[in-house]
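Take the given structure of chain G and dock chains Z, U and C to it, following the hints.
So the protein lines, in turn, are chains G, Z, U and C. Add 17 to a position in the first sequence, counting from 1, and you land on the number used in this note's numbering. Add 17 to a position in the second sequence, counting from 1, and you land on the number used in this note's numbering. Add 17 to a position in the third sequence, counting from 1, and you land on the number used in this note's numbering. Add 17 to a position in the fourth sequence, counting from 1, and you land on the number used in this note's numbering.
Hints listed in this document are in silico derivations from the structure and should not be mistaken for laboratory results. Take these hints with a grain of salt, some might be off.
[What the hints assert, rightly or not] In the DSSO-like style, the derived pairs of lysine-lysine whose C-alpha atoms are separated by at most 30 Å in a straight line are: (1) K248(U) with K248(C); (2) K61(U) with K248(Z); (3) K248(C) with K248(G); (4) K61(G) with K61(U).
Number of protein chains: 4
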Amino acid sequence: MERRRFGLAVIGAGYWGPNLVRTAQLTEGVRLDYLCDLDISRAKRVLGDYSTVRATNSLDEVLADPEVAAVAIATPAATHLHVARAALAAGKHVLVEKPLAANLSDGIDLVEQAEAAGLVLMLDHTYCYTPAVAHLRELVRGGGIGTVQYVDSVRINLGLVQSDVDVLWDLAPHDLSVFLSVLPDDVTPVAVAAHGADPIGAGRACVGHLTLELSNGAIAHVHVNWLSPTKIRTMVFGGSTHTVVWDDLNPTQRLSIYNRGVDRKTEDELGADARAQTIVSYRTGDMVAPALPEREALRGVMTEFAASITEGRRPLTDGWSGVRVLSILESASASLDEGGVFMPIMTVNENANDFILSEREEANA
Amino acid sequence: MERRRFGLAVIGAGYWGPNLVRTAQLTEGVRLDYLCDLDISRAKRVLGDYSTVRATNSLDEVLADPEVAAVAIATPAATHLHVARAALAAGKHVLVEKPLAANLSDGIDLVEQAEAAGLVLMLDHTYCYTPAVAHLRELVRGGGIGTVQYVDSVRINLGLVQSDVDVLWDLAPHDLSVFLSVLPDDVTPVAVAAHGADPIGAGRACVGHLTLELSNGAIAHVHVNWLSPTKIRTMVFGGSTHTVVWDDLNPTQRLSIYNRGVDRKTEDELGADARAQTIVSYRTGDMVAPALPEREALRGVMTEFAASITEGRRPLTDGWSGVRVLSILESASASLDEGGVFMPIMTVNENANDFILSEREEANA
Amino acid sequence: MERRRFGLAVIGAGYWGPNLVRTAQLTEGVRLDYLCDLDISRAKRVLGDYSTVRATNSLDEVLADPEVAAVAIATPAATHLHVARAALAAGKHVLVEKPLAANLSDGIDLVEQAEAAGLVLMLDHTYCYTPAVAHLRELVRGGGIGTVQYVDSVRINLGLVQSDVDVLWDLAPHDLSVFLSVLPDDVTPVAVAAHGADPIGAGRACVGHLTLELSNGAIAHVHVNWLSPTKIRTMVFGGSTHTVVWDDLNPTQRLSIYNRGVDRKTEDELGADARAQTIVSYRTGDMVAPALPEREALRGVMTEFAASITEGRRPLTDGWSGVRVLSILESASASLDEGGVFMPIMTVNENANDFILSEREEANA
Amino acid sequence: MERRRFGLAVIGAGYWGPNLVRTAQLTEGVRLDYLCDLDISRAKRVLGDYSTVRATNSLDEVLADPEVAAVAIATPAATHLHVARAALAAGKHVLVEKPLAANLSDGIDLVEQAEAAGLVLMLDHTYCYTPAVAHLRELVRGGGIGTVQYVDSVRINLGLVQSDVDVLWDLAPHDLSVFLSVLPDDVTPVAVAAHGADPIGAGRACVGHLTLELSNGAIAHVHVNWLSPTKIRTMVFGGSTHTVVWDDLNPTQRLSIYNRGVDRKTEDELGADARAQTIVSYRTGDMVAPALPEREALRGVMTEFAASITEGRRPLTDGWSGVRVLSILESASASLDEGGVFMPIMTVNENANDFILSEREEANA
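This is chain G alone, in the form it adopts within the complex (with noise of 0.2 Å):
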């Protein structure tokens, strides 16, 4: 006897959603019943010539089936809220590419389409579920490296020039996710400073950055860019006691955590004549590359997407998680906007279903 297995339909068979198809068909508790693009000829070519699973050009017609309990949207991102709704109206469980939409307003109507129709809402924050993150967020909230001192994170290669979004709209999500699912609970984005530029004349910025203010008084920094050559991700989150490297182009050893570095003296510890000199001490110990499983991210998604159906529980990365991304991105290209200015950003307090712009502490106070 087979277990049971809900339908799931995956919407758009662009660059993503064949990642998806082939995700889908390797999960349990899930069944691919429908791959769907507007261009019924790109469907077919993803699945191939011996595929049971069908094509269709019609979100109606999957919309319409009542075998599908769940679709997965990999469409263009201005499509995203149309489709999600339409997904919900429909009484289908969502799960989103990022990001979940064009802007913060619409992405809380979803969210909260979301919640009145009892559905599940998912982002796919693939990065979030890599085994690397999975042992970040252990570590990081688990104080293995004590307070937060600063977060870095580079995303650099030669990457698609998108013709909807500039390059912090679209790299920028996984880095900000990330920061989201590590960072401890008290230990949130305040403001944000964003620096952009666009030097080959592509009509939207190519490279950028983004300064993080974060509510500990420490900064994280997001370095994108679409021009770049050599390709590095690289994110580093630095503590009191530890800090940790999370390099994702080293698969033998994609997590550092180093027992180094600088410490201050409480004038408790010094002597009248060392306070006046001696601040610091240096510590530099061993560093550690913790063993991680081999694990697709993408499966990890799959999985708990089927998991929060089934057990009927909000996703790891639920909808109030593509939120919180979008409120960080639309500051910051407001500071974009407005010259690099720090721009606070709204607090979203999923509990309350209100939201709360955050009264910013003065940055470099």
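Here is chains Z, U and C on its own, set in the frame of chain G:
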């Protein structure tokens, strides 16, 4: 018969002084006469038990010695002004560590004093004398990467937290002096935004980010960090035809010149349909790592100092190069105080000997 | 109208079979009809729940199907001979995993059987179809590195300790097939010495070193190791004018072509004094990393298999390439048994269909 | 009052002599009196214009000076024997560059001469004094990697082709002296096979491979190469519980200790079915990179030399360590002459002062 040599005194036997002592002894045309330090035992320790060079703690003695034609100053930054002024007043040529002075105004005064006295005033911008920067300079200024599209520099490691300057004033002079040396004459910094953080309570920024707006609309970014457990020293000059990466920690491949990048097609090249869709194309050509000579940069500094004195000419990194770095640093500090807004950079017009606040084009236009 | 396609069956659903299944489905001209495994549930698991490809545990059924024109064999090494013989006897073209057979004599029999029947017999020497090896082949055979001076290959990582073959038979076929593909026709292996160790008591060598004497006096060395915690896959072809390094784990710089090396001056170039002293000079020129297309090697294997069948020609890695690898492996095993002495390698003269024990020049003459 | 110091003369002002001169001047307890070279102008050039150390071209003068208690010999290899003998005969302690002598017999003579005279005879096996090797020694001899399973060393780069020794005698002493220092007392080299090639016609091997059979059945391999355009200096000690990799060119992670490997299950641990199939299991634990002090190895050499003289004891790398290296090199040369067969290594029994040809266990048993 021995070649004519001029007498040199090194002032300061701390962190960098020993390197000047060693290098001076190897430089043709230079005769090292003194090592001077307030703490004479430190000077003696640096010279060791086998040296004929005189140790002294009296700057006056050094400056009064008519055999001494030049001094090299490696004292703490705050004292550069005083020592350099006294040396110039005594008719000595001066080589000084960065930064030239603690503020722009003092720096300009020094340069004017040297010019009035007809003496060489040279900055020890050591990196400008590396074979890598010499190659970069010829490549970038010679059009070898096309037009400059973006610049990115990272200089991070577990560094000595300074007690008198923040991380920007301590480390960024290296990056800025290289920028000024390598960039074409018509690509100059016009504004700077600075962000910093002091997560260890050191009393000054230990992590810093500079975003420079260049006169051609490109941006240059500098990340300096005293707290990083890993050491990175990379600089990227992205251009319209090539991009060059300088990795100073990779001795066998310091420079990598990529024929890779993103091109925008002009409308003329595109048919009507394509115009709506394809705006960019990608080049993925070969990479060349040019052979570079092995040569110690500080030897080049000392040789240039000797040559500029002997030949009665300006050195490559003359006082104005130090003034230009000060000008950016001062604007950066102002930006830091103002929460990260872009601050214009004073243009130093060395020919007219006057200084013009640049009319800055709007950032992110 | 659909293009003509021939029917293919994949035999073996273990480690490599799934890759053949996936690739076959993507290859033009190929129609995947069966996946055959003694354990039919394993075959079904590989195909998944959405496939129209038939799973079977009956090789006879596959071979009896007139729609099946070819088979791809990915069964355990010890069974290659039996399965390939049966397939050829049934008139099917054959693609077989390395090694072709468990010994040289069986390998030759298979090739002769295929030739007699006018069927394609191709080896899946996957690495020979990588863009890197294609470039290496053109470079080295085209004289781009001058004469070959030495070859060095390292292929180590924590590998699957095999129960039927030692590390030489498991891993070295990769290195040897690339050597044979890349080296010029007049540079051939004439003798081999092998050393091995079994420090974990596995019953067969887990660490192995091969030293090949080449016909031009150069040596080629192969280090294979199942026990290494770090993964290295590099191959160096040192030549008289250039040296090329292939680092298969560096996706952004797989090939590096160095214009560096040591030249011996001929006596004519030297004066009498110099003759006694200076016999060498050093070149330290640029390094070039050529752009390589991104292309999956196994797609190239399958495409070549299909093309050789359709066009009725020998594939690039035909049966004789498998025989040549077997010839070296068999001599290596003999050397291992004899304590590491050099053993001659039988030269396979495919045109005359006879096999000559090479008259080996004395090693290290 | 100054501490007592003994007088030292450095003999040889060529490649390595200047390093000995510099280091000697920094070592407590040592007073550098002379730099001696047949070419006195070279000696003067090394000392420079500011030194109080005497330059001389007379070894006799040096050896006749009663203030000189010790000499450090950095002359060409072929002259080590003559200079060391004369120095010992004059009652001087001796530090000598590797190799100790041009053959084993001469080396033993020297050691015996020193012992008879009660003088220190020390080898400058510099690598043995690096913090990395000190850590390796403690780790491996202390059981930190379990039993030694294999050793692999690669030392290749564009090196100075020597006119008097081949690449094995030039470079392998580094590897062999480290092996002897790091391996446990009960794991000793018993036989060696050597392969070499001279592809540039230099008259001696420029590429070399050594395979050492160790007394516990493991093998150690050394690859040395003067012709490689890339520089690699790695050494791996594979053990039953851990494996440690030393990458001397990675200053921030010289040692990496992996808790990874392959374990064989004993039959007792396995059920009947499993016994036939599963014989190994895999560990993939964390990796630790221990913090190492930054310390120049040659300072350690000089300090140990001074201490052994002052304390009247054997130095860590005494004459016997040089003899043991010679013993392996001589067998390696014999193997090279014999086409690569394993040659037994003479065991040096320093206590009994006699030398036994080891009864070698059969290789590859």
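Checked hints:
For the hint linking K248(U) to K248(C), the alpha-carbon distance of about 18 Å falls within 30 Å, and the restraint holds. Proximity of K61(U) to K248(Z) is assessed by CA-CA distance (about 51 Å); at most 30 Å being required, the pair is judged violated. For the hint linking K248(C) to K248(G), the alpha-carbon distance of about 24 Å falls within 30 Å, and the restraint holds. Taking the CA atoms of K61(G) and K61(U), the gap is about 23 Å. The hint holds against a cut of 30 Å.
The earlier numbered hint that this structure contradicts is number 2, and it is the only one.
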